[in-house]
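Colleague: When you get a sec, could you build the whole thing from the sequences and use the hints?
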Amino acid sequence: MAPTPTGQLELYTLMVRSRAFEEAAIALAAAGDIPGSWLSGVGQEGTLGAISQLRPDDYLTYTHRGSYGFIGRGSDPKRLMAELLGKRTGYSKGKGGRHIADLEHGILGKSGTIGAHAPLAIGAATAVQIRGGDQVVMSLFGEGTSNRGTTHSSLVAASVWRLPVVWLCENNGYMGSVPARAYTAVTDIADMAASYGMPGTVVDGNDVSAVHQAAEDAIDRARAGQGPSLLELKTFRMRAFGESWPELRDPAEIAAWQERDPILLYQRQLTASDRLTVADVEAIRAAAHAEMAAAAEFARESPFPDPAEAFEDLYA
Amino acid sequence: MAPTPTGQLELYTLMVRSRAFEEAAIALAAAGDIPGSWLSGVGQEGTLGAISQLRPDDYLTYTHRGSYGFIGRGSDPKRLMAELLGKRTGYSKGKGGRHIADLEHGILGKSGTIGAHAPLAIGAATAVQIRGGDQVVMSLFGEGTSNRGTTHSSLVAASVWRLPVVWLCENNGYMGSVPARAYTAVTDIADMAASYGMPGTVVDGNDVSAVHQAAEDAIDRARAGQGPSLLELKTFRMRAFGESWPELRDPAEIAAWQERDPILLYQRQLTASDRLTVADVEAIRAAAHAEMAAAAEFARESPFPDPAEAFEDLYA
Amino acid sequence: MRTLTISQAMNEALHEEMRRDPAVYVVGLGLYPSDGDDATSGLVDEFGERRVRSAPNDEALIAGSAVGAALVGMRPVAEFYLADFAFNALDEILSKAGKWRYMHGSNAGMKLPIVFLQGIGGYVGAAAEHSQSPLALYWHSPGLKIVAPSTSYDAKGLLKTAVRDDNPVMFFIHKFEDSGPVPEDEYLIPFGVAEIRRDGADATVVATSYMVTLALQAAENLADRGVDVEVIDPRTLEPLDIDTIVGSVQKTGRLVVVDEDTERCGVAAEIGAQVLERDFAALRAPVGRVANPNLPVPYSPPLEEAVLPSVAKIEAAILATLA
Amino acid sequence: MRTLTISQAMNEALHEEMRRDPAVYVVGLGLYPSDGDDATSGLVDEFGERRVRSAPNDEALIAGSAVGAALVGMRPVAEFYLADFAFNALDEILSKAGKWRYMHGSNAGMKLPIVFLQGIGGYVGAAAEHSQSPLALYWHSPGLKIVAPSTSYDAKGLLKTAVRDDNPVMFFIHKFEDSGPVPEDEYLIPFGVAEIRRDGADATVVATSYMVTLALQAAENLADRGVDVEVIDPRTLEPLDIDTIVGSVQKTGRLVVVDEDTERCGVAAEIGAQVLERDFAALRAPVGRVANPNLPVPYSPPLEEAVLPSVAKIEAAILATLA
Ligand SMILES: Cc1ncc(C[n+]2csc(CCOP(=O)(O)OP(=O)(O)O)c2C)c(N)n1
Ligand SMILES: Cc1ncc(C[n+]2csc(CCOP(=O)(O)OP(=O)(O)O)c2C)c(N)n1
Ligand SMILES: [Mg+2]
Ligand SMILES: [Mg+2]
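Chains as they are written, first to last, in our numbering: chain A, 1 to 316; chain B, 1 to 316; chain C, 1 to 323; chain D, 1 to 323.
Each hint should be verified, as a subset may be incorrect.
Derived SDA-like pairs: lysine to any residue, alpha-carbon spacing no greater than 25 Å straight-line [said to hold, decoys possible]:
| hint | chain 1 | residue 1 | chain 2 | residue 2 |
| --- | --- | --- | --- | --- |
| 1 | D | Lys251 | C | Phe280 |
| 2 | D | Lys175 | D | Arg198 |
| 3 | D | Lys175 | D | Ser310 |
| 4 | D | Lys111 | B | Ala316 |
| 5 | D | Lys175 | A | Leu28 |
| 6 | D | Lys251 | D | Lys175 |
| 7 | D | Lys175 | D | Gly42 |
| 8 | C | Lys313 | D | Gln274 |
| 9 | C | Lys111 | A | Leu103 |
| 10 | C | Lys175 | B | Leu28 |
| 11 | C | Lys313 | B | Phe311 |
| 12 | D | Lys111 | B | Leu28 |
| 13 | C | Lys251 | C | Arg198 |
| 14 | C | Lys175 | B | Pro307 |
| 15 | C | Lys313 | C | Gln250 |
| 16 | D | Lys111 | C | Pro293 |
| 17 | D | Lys175 | D | Glu277 |
| 18 | D | Lys175 | A | Gly242 |
| 19 | C | Lys111 | A | Ser75 |
| 20 | C | Lys251 | D | Glu277 |
| 21 | C | Lys175 | C | Val193 |
| 22 | D | Lys175 | D | Tyr123 |
| 23 | C | Lys111 | D | Pro293 |
| 24 | D | Lys111 | B | Glu309 |
| 25 | D | Lys175 | D | Ala201 |
| 26 | C | Lys251 | D | Tyr123 |
| 27 | D | Lys175 | A | Gly32 |
| 28 | D | Lys111 | C | Val193 |
| 29 | D | Lys111 | B | Pro307 |
| 30 | D | Lys175 | A | Ala30 |
| 31 | D | Lys175 | A | Trp245 |
| 32 | C | Lys313 | B | Leu314 |
| 33 | C | Lys313 | D | Glu220 |
| 34 | C | Lys313 | C | Leu216 |
| 35 | D | Lys313 | A | Glu309 |
| 36 | D | Lys313 | D | Glu195 |
| 37 | C | Lys313 | D | Asp279 |
| 38 | C | Lys111 | A | Glu104 |
| 39 | D | Lys175 | A | Asp33 |
| 40 | D | Lys175 | B | Leu28 |
Quick caveat, the hints were computed from the structure, so don't treat them as lab data.
Modeller: What follows is the structure, encoded as structure tokens:
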């Protein structure tokens with residue numbers, strides 16, 4: 001089912017806000033304000049069609065890339081940005097950098113090793129099942145990460161234990177600058193679902209309405225106790241692997257995907273159906289940029305942690 | 001293609017010799033002569049239909065279970081048995097116990113952790129490919145081990161690198177005493193092949209002729225540079241998980257499989273087609289038992305290593 | 001008082017804790033149906049397959065799932081059978097369980113109450129990949145508590161504490177399991193409190209797990225020869241009761257540490273360093289390290305004996321500190 | 001003489017060794033196309049995709065495949081980018097590479113000529129899971145050689161030796177890479193030979209990799225204050241040139257070990273223990289351990305500085321041994 005008109009505006013706004021966050025983070029990285037680095041998610045905001053449908057008490061496991069998971073769940077951009085700058089006001093009090101958890105919004109943390117999130121998702125789903133709840137766990141991974149052993153064993157466990165997991169593979173066609181054909185055995189990661197006896201669906205990841213539709217089915221299924229599904233979102237990352245990495249992909253390929261920018265596509269859909277006016281677009285964008293500028297400002301002005309704080313937080 | 005008449009007799013003889021080795025090892029274990037333990041392969045000798053077709057210069061990676069891989073490749077039963085008894089004359093000079101390598105026969109070693117053989121097979125196949133040879137790597141794993149992440153990533157690598165590997169899953173329906181439905185997402189492990197874009201075939205693992213046929217195709221394919229295949233041999237282990245473990249499976253199920261003993265089935269096929277007489281059967285069995293009794297005797301009479309030898313063999 | 005094996009004592013602890021707290025569950029291999037009289041036997045009958053979860057065979061999955069469940073409020077007990085197998089889960093244990101709370105700034109009060117149960121030890125002809133005792137590997141890494149009981153009494157009381165601890169706990173049980181008295185009444189044993197297993201004036205021996213049994217035997221043998229050995233069992237390495245150890249060394253002037261793990265960068269080197277940092281003058285001889293001389297554990301009995309600590313080697317090391 | 005970065009020096013070593021021996025090949029992540037000026041840049045252009053193999057992203061696969069290839073006569077160089085990621089391959093590295101030869105009794109002359117290349121180190125805001133320096137983890141485990149060069153010259157000569165060694169070698173390169181002179185002519189540097197980076201009479205500092213740079217700076221600073229520090233770079237921990245270290249300590253009576261890894265069961269504890277075992281009388285003060293105080297590496301610069309070794313901390317530790 002398509003989102004309600006309000007829902008459509010909200011989804012569009014989330015996408016624009018995520019993009020604005022990315023742009024602010026990219027600018028901070030370029031200015032040398034981020035001690036580590038930022039792995040941008042620009043171009044992959046179509047995934048919000050899935051994430052935005054989670055209930056507040058659902059869980060999300062997130063990858064190394066982008067901010068839309070956090071924005072989509074309602075995390076505070078100020079605290080996100082402060083963390084990137086290593087400030088005490090950040091989600092990890094400056095200890096994690098881009099490795100951020102927001103447990104209040106059910107985001108379990110960001111791993112430094114790819115593929116480590118999948119078993120975490122199994123654990124959260126196990127908890128739901130033991131407690132007899134109807135929460136859903138959404139778990140993101142890249143097509144490169146589909147090769148990790150943990151992805152495999154977690155998909156097995158989700159299936160044999162019939163866990164409420166929605167697996168979301170964001171296939172952006174590259175691992176670093178290596179094209180997917182060099183490391184994936186199948187063209188469609190969704191085909192892997194056959195190994196696990198779960199439904200596998202290929203979705204145009206840049207068409208947020210299509211993502212919304214496919215995710216709705218998978219979420220319903222999981223919530224109803226009918227087990228896991230695998231959705232593959234075909235998408236593209238518009239920035240280099242990370243902000244401090246060179247871009248080595250073909251500029252023509254990048255330009256072609258520019259035409260399929262998920263925000264642009266949705267904007268066209270919504271303006272065509274009169275859900276959105278040019279003025280709306282402008283207002284939403286302006287508000288988002290103001291919000292993220294304020295977040296950057298907050299981050300910049302926040303204090304660094306005191307060295308003594310390094311000795312806190314190891315044990316509960 | 002079925003083996004030649006001589007080939008059939010040879011294959012049958014290998015099966016009987018493997019079984020005789022197992023029985024001798026089981027007796028030694030019962031007598032307390034084996035310091036560690038023995039994980040018997042009785043009932044799974046049908047796999048010899050595949051192993052026996054390897055060329056002397058091919059490679060095999062082996063699991064934790066049974067002796068037929070070694071017997072099938074031409075390893076020396078005396079040295080195998082001596083190793084089980086921790087004797088200096090063993091394949092590992094008493095250092096490994098049931099963890100045995102026989103590099104002269106292309107057997108790369110036995111791992112203490114299940115699933116670790118699959119990447120080894122990738123490495124051996126990589127070597128073949130780099131050298132431009134036409135050797136084949138056969139790699140065994142149990143259906144329980146199909147869940148290990150290393151199995152997955154190795155099957156991916158075999159596929160994307162188009163390596164000459166024949167994957168052989170011996171599906172004996174149990175991991176310890178846990179039935180497969182508790183840990184495998186699919187009924188047929190061969191279905192996993194879809195995830196890797198390689199052929200996957202289910203074979204009656206106790207019908208050695210069927211195994212022979214299916215393996216021949218897979219070996220030919222690998223040798224011709226057409227890439228890996230996955231064969232699933234449905235079989236059953238007739239002994240408990242290990243000789244020092246209790247048997248917790250249903251006796252009725254065990255009894256039913258007794259009727260499908262791979263040696264018995266092949267014997268019936270061969271006697272029906274007059275390849276084998278009752279006298280042959282007796283002679284082959286007697287020779288095998290004499291051979292393995294001599295191996296056990298050799299092992300028992302061999303000296304233990306000197307304590308000082310513990311300090312050798314770490315570095316080359 | 002009744003006598004229980006360490007496994008039986010642990011089994012009782014798990015039953016009690018699972019009854020007490022519905023957030024406690026067990027996940028691992030070979031739990032269902034139980035293969036014998038071990039720490040997890042019978043749990044599935046009482047608590048069902050959801051809370052006693054036999055997993056697909058991938059240790060990274062088991063460990064990582066425990067972390068995920070702990071993050072949302074559960075108290076998993078992850079069972080690996082042997083510590084050797086947990087090597088497949090070291091990213092999950094070292095970098096997820098051990099560091100997740102810290103690296104996320106203890107976000108929203110993040111807790112990681114996980115018990116990682118593992119078998120350790122040699123002496124049974126299990127060879128290189130089924131005989132390891134990797135205590136130092138985990139002690140070296142931040143964020144993990146380390147428990148290695150030597151008696152049934154301690155195993156029960158420490159396991160109950162481990163289940164209630166809000167941090168990841170590596171809980172090591174030796175294959176060579178002792179039996180001992182265990183009271184019927186509930187009790188817990190706090191982490192970080194060493195037990196002096198034998199008083200002595202001439203030399204201090206520190207040992208955990210099965211090494212305590214060997215050390216006590218060595219002490220008895222030396223007593224016959226007029227050497228009076230104190231044997232200290234720290235019970236937990238993290239936290240470590242270094243005060244008790246230093247106090248003893250200040251009395252005896254001699255220290256021998258027995259550790260089944262490989263010697264290099266091991267438990268003995270660390271305890272020796274800490275003692276010297278606390279009181280450089282206390283030691284009158286170098287620390288005796290009785291440990292595996294940096295070899296994989298071999299299979300054959302005479303080789304295994306050559307590599308692993310023994311009563312004779314402990315005696316020799318004690319005498320060397322007195323020479 | 002021309003000046004090269006450590007990566008450039010290693011790159012040259014790999015080119016030379018791959019030309020010399022067709023059994024040498026490279027497997028890892030992000031090798032093709034190269035992402036920049038690193039140790040593996042350009043190799044694929046000269047040697048092709050079969051010998052410069054960009055792998056599916058699974059470190060256990062990469063490490064295990066290197067073991068398999070080595071068993072059949074190849075000489076793999078397995079590249080992990082960061083040591084942190086290799087935690088996913090610890091069963092393969094510790095229990096296959098490290099123990100396979102021993103546990104199989106060196107069957108048929110089994111050799112395991114593998115180089116495991118890994119980046120280590122902090123100081124760049126990379127946080128807990130991208131900043132580790134797990135030298136002690138590997139040194140603790142049997143069967144692995146450990147190399148951690150501090151200069152471009154050493155990096156090239158040691159890498160060539162590593163490729164030709166018939167055993168698994170853990171080769172660690174710090175993120176903070178130095179440049180230095182590298183001769184055009186071929187040379188190799190043997191394992192187990194320490195380099196005295198600075199002569200001194202008052203205290204001995206042992207350091208590897210980037211810690212050597214910090215230690216030399218500390219020594220210079222203290223020289224201004226009349227303290228004469230000797231700085232020893234063992235270059236390889238396994239094998240360790242303990243003779244040179246003991247000789248120096250016998251002269252100075254003081255020892256400080258600098259190690260970026262966590263302190264507990266670390267390199268400093270081990271070197272301290274070995275020195276005391278060799279000559280209990282040589283030390284006039286406890287061994288100074290400058291290491292990570294058992295914390296994950298935090299992200300924010302002031303926190304990272306609080307946790308990792310620094311010039312100031314090394315100076316303080318040296319002065320403490322002289323107090
Ligand atoms: C275990 C591990 N290996 C390698 C890396 C380095 N790394 C970070 S992101 C990445 C690429 C992952 O590709 P993919 O899953 O397709 O995600 P994408 O970057 O395309 O979003 C790699 C190799 C890592 N972080 N962890
Ligand atoms: C990594 C690892 N985990 C657990 C074990 C213990 N273990 C040995 S064999 C085995 C069962 C494997 O099942 P399967 O692959 O079906 O082989 P089968 O025993 O049925 O022949 C297990 C769990 C191990 N050896 N290694
Ligand atoms: Mg990708
Ligand atoms: Mg099985």
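Colleague: All hints, please: hold or fail.
Modeller: Going down the list of hints, with the structure as the test:
no.	hint	in the structure
1	D:Lys251 x C:Phe280	holds, 19 Å
2	D:Lys175 x D:Arg198	holds, 23 Å
3	D:Lys175 x D:Ser310	holds, 16 Å
4	D:Lys111 x B:Ala316	holds, 6 Å
5	D:Lys175 x A:Leu28	holds, 23 Å
6	D:Lys251 x D:Lys175	violated, 34 Å
7	D:Lys175 x D:Gly42	holds, 20 Å
8	C:Lys313 x D:Gln274	holds, 19 Å
9	C:Lys111 x A:Leu103	holds, 11 Å
10	C:Lys175 x B:Leu28	holds, 23 Å
11	C:Lys313 x B:Phe311	holds, 16 Å
12	D:Lys111 x B:Leu28	violated, 32 Å
13	C:Lys251 x C:Arg198	holds, 14 Å
14	C:Lys175 x B:Pro307	holds, 23 Å
15	C:Lys313 x C:Gln250	holds, 24 Å
16	D:Lys111 x C:Pro293	holds, 21 Å
17	D:Lys175 x D:Glu277	violated, 34 Å
18	D:Lys175 x A:Gly242	holds, 17 Å
19	C:Lys111 x A:Ser75	holds, 20 Å
20	C:Lys251 x D:Glu277	holds, 21 Å
21	C:Lys175 x C:Val193	holds, 24 Å
22	D:Lys175 x D:Tyr123	holds, 8 Å
23	C:Lys111 x D:Pro293	holds, 21 Å
24	D:Lys111 x B:Glu309	holds, 18 Å
25	D:Lys175 x D:Ala201	violated, 32 Å
26	C:Lys251 x D:Tyr123	violated, 43 Å
27	D:Lys175 x A:Gly32	holds, 18 Å
28	D:Lys111 x C:Val193	violated, 46 Å
29	D:Lys111 x B:Pro307	holds, 23 Å
30	D:Lys175 x A:Ala30	holds, 21 Å
31	D:Lys175 x A:Trp245	holds, 15 Å
32	C:Lys313 x B:Leu314	holds, 22 Å
33	C:Lys313 x D:Glu220	violated, 46 Å
34	C:Lys313 x C:Leu216	holds, 13 Å
35	D:Lys313 x A:Glu309	holds, 18 Å
36	D:Lys313 x D:Glu195	holds, 23 Å
37	C:Lys313 x D:Asp279	holds, 21 Å
38	C:Lys111 x A:Glu104	holds, 13 Å
39	D:Lys175 x A:Asp33	holds, 20 Å
40	D:Lys175 x B:Leu28	violated, 55 Å
Of the numbered hints stated above, those contradicted by the structure are hints 6, 12, 17, 25, 26, 28, 33 and 40, listed in ascending order.
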